[in-house]
Amino acid sequence: MELAISIITGLMIIGALYAIHAKDLLSSVIACGIVGYSLVICFLLLKAPDLAIVQIVVDTITLIIMVAVVLDSSREELYSKPDTQGFITTVTTVLLIMILLYFFIVSIQSLDVLGTSSLRMAKHYIEGAAQKTGSANLVTGVVFDFRGYDTMGEAVVLVTAVLGVLTILRLKGKK
Amino acid sequence: MKGMTLIVKKTTQLIAGMIFMYGIYVIVHGHLTPGGGFAGGVIIAGSLILVTLAYGSDFLKLIKEEAGTTMIESLATIMVILIAVSGFVFGTKIFFNNFLPKGIVGHLISAGVLPLYNIFVGTEVAASIFIIFLSLIIFKEESTQ
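Residue numbers (the numbering used here), protein chains in the order written: chain G, 1 to 175; chain H, 1 to 145.
Here chain G stands alone, though its shape is the one from the complex:
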């Protein structure tokens, strides 16, 4: 299973790199879709079907909106000359990424294997959750019963985001 996840992560990196360097904007938008859909397969391999369902539908809707925007404009990217300030920025970024990657690899050696519950609360959630909440789906039981405050916060954040979108995208008031 780790081999499959490594191959799919490599595919995502290739797709992201192509999305940056493509000449046609429509190609780069479709390459962003590659990243999103490969993540769905990663979620299924890691045994998380709720996340996979949400990710595939939200990625489809995002792709629809991005393609509609790109098809409406001139589909080419503006050309900027390479200059020395861009070169210094690129070298500094790569150095910082390599330093942080080294610390990341060192700190991962001390963690447990992916999938074992190592936090103290996790044991209390898993044992007897079906009797305490009454639901067969453990994820729904945790999201709506044990951690109900977070779900209420998520719902309120969605309403706030919609309020922000409705405020910005008004054209009639500006005349």
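It is worth saying that the hints were derived from the structure and are not from the lab. No incorrect hints appear here.
Away from chain G, derived, C-beta distances all over 12 Å, residues of chain H:
id, residue
1, T5
2, L6
3, I7
4, K10
5, T11
6, T12
7, L14
8, I15
9, M18
10, M21
11, Y55
12, D58
13, K61
14, K64
15, G68
Between beta-carbon pairs, the in silico distance windows are:
id, chain 1, residue 1, chain 2, residue 2, range
16, H, I81, G, L100, 38 to 44 Å
17, G, L111, H, S86, 39 to 45 Å
18, H, T33, G, L111, 28 to 34 Å
19, G, L96, H, L6, 52 to 58 Å
Yeah, the Cβ is synthetic: ideal placement off N, Cα and C, and Gly gets one too.
Assemble chain H onto chain G, guided by the hints.
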């Protein structure tokens, strides 16, 4: 925004209702199978976006749709908070208490308040995503007129 060709319209007539029913199924069975309120809400929004894209914006009178949808979204959020508060009133004085009887694990009517939470959160998520899509289309229509 013009609609699409005849093939797309006929296919939408056949399929959009089934996608809507599938979204309702994912929401209502949220405590038994994977899915839940958020996933089912986005699926329902997807079917509404399909109908809007296939038939064009003149056919559907989009500004009235947007006003009604914002009202549905606000009502759904208020209902979520009301159920949480009613745990405070009817149950044992704990906010967010799961106060309805829990039933047998695996049946459709079980798990206390969870199916009600799923239904209202699913309605709210569907209304939110549809509102964002509609406001983008209305913005584009008004700026090109």
